[in-house]
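With chain A fixed as given, assemble chain B onto it according to the hints.
Take a look at the letters that make up each chain.
Number of protein chains: 2
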Amino acid sequence: MEQFLLKVEGMSCGHCKAAVESALKEIGVETATVNLEAGTVDVAFDPQRLSIGQVKEAIEEAGYDVA
Amino acid sequence: MEQFLLKVEGMSCGHCKAAVESALKEIGVETATVNLEAGTVDVAFDPQRLSIGQVKEAIEEAGYDVA
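Here the protein sequences come in this chain order: A and B.
So that you can map any letter, position 1 of the first sequence is 1 in full-length UniProt numbering, and since no number is skipped, the others follow by simple counting.
So that you can map any letter, position 67 of the second sequence is 67 in full-length UniProt numbering, and since no number is skipped, the others follow by simple counting.
Same shape as in the complex, but just chain A (with noise of 0.2 angstroms):
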């Protein structure tokens, strides 16, 4: 398992943390969470299912800027 914590801008409420939460599950990572007050997501996914890039493409698709 690989841990990152990404800074993601624009996630401004918990419909923003659900999207975001959510839209990562959905590519399959193990857990994701928002912190809204920090502006981060903490994210752990198997290396071998999936990449950073996928994982940050998945943000951006739901409409965040990853920092």
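Hints in this document: simulated from the structure, not taken from any laboratory.
Just so you know, these numbers come straight off a predicted model, no measurement behind them.
Careful: at least some of the hints might be erroneous.
A pair counts as met if it fits within one copy or between any two copies, since identical chains are not told apart.
No more than 27 angstroms apart at the CA atoms, straight line, and that leaves these computed lysine-lysine pairs for DSSO-like [claimed, not checked]:
hint	residue 1	residue 2
1	K7	K17
2	K7	K25
3	K56	K17
4	K7	K56
5	K56	K25
Positioned in the frame of chain A, the structure of chain B alone reads:
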């Protein structure tokens, strides 16, 4: 038809806009338009079907504070 411009706190993004407009349409308002920058909801409804109290209640139930 009656029209009100309500000041609403806590609407921060497109999801919030959609949540408030959808909650108001569910209770039967004629039109509901959120302006995120201004923090307002412009709402029109038939006073024989709804009261302003019901409109405010729907917004609060969606999770936002009517000022």
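Structure-based check of all given hints:
In this homomeric assembly, K7 and K17 come within 27 angstroms of each other (Cα to Cα) both inside a single copy, at 13 angstroms, and across copies, at 24 angstroms. Proximity of K7 to K25 under the C-alpha cut-off of 27 angstroms is restricted to the intra-copy arrangement: shortest distance 18 angstroms within a copy versus 36 angstroms between copies. Taking the closest pair of Cα atoms, K56 and K17 come within 27 angstroms of each other both inside a single copy (15 angstroms) and across two copies (25 angstroms). Taking identical chains as interchangeable, the C-alpha atoms of K7 and K56 lie at most 27 angstroms apart only when both belong to the same chain, with a minimum of 10 angstroms there against 36 angstroms between chains.
Within a single copy, K56 and K25 get their C-alpha atoms as close as 13 angstroms, which meets the 27 angstroms cut-off; across copies the closest is 35 angstroms, which misses it.
In summary, the structure agrees with every hint in the numbered list given earlier.
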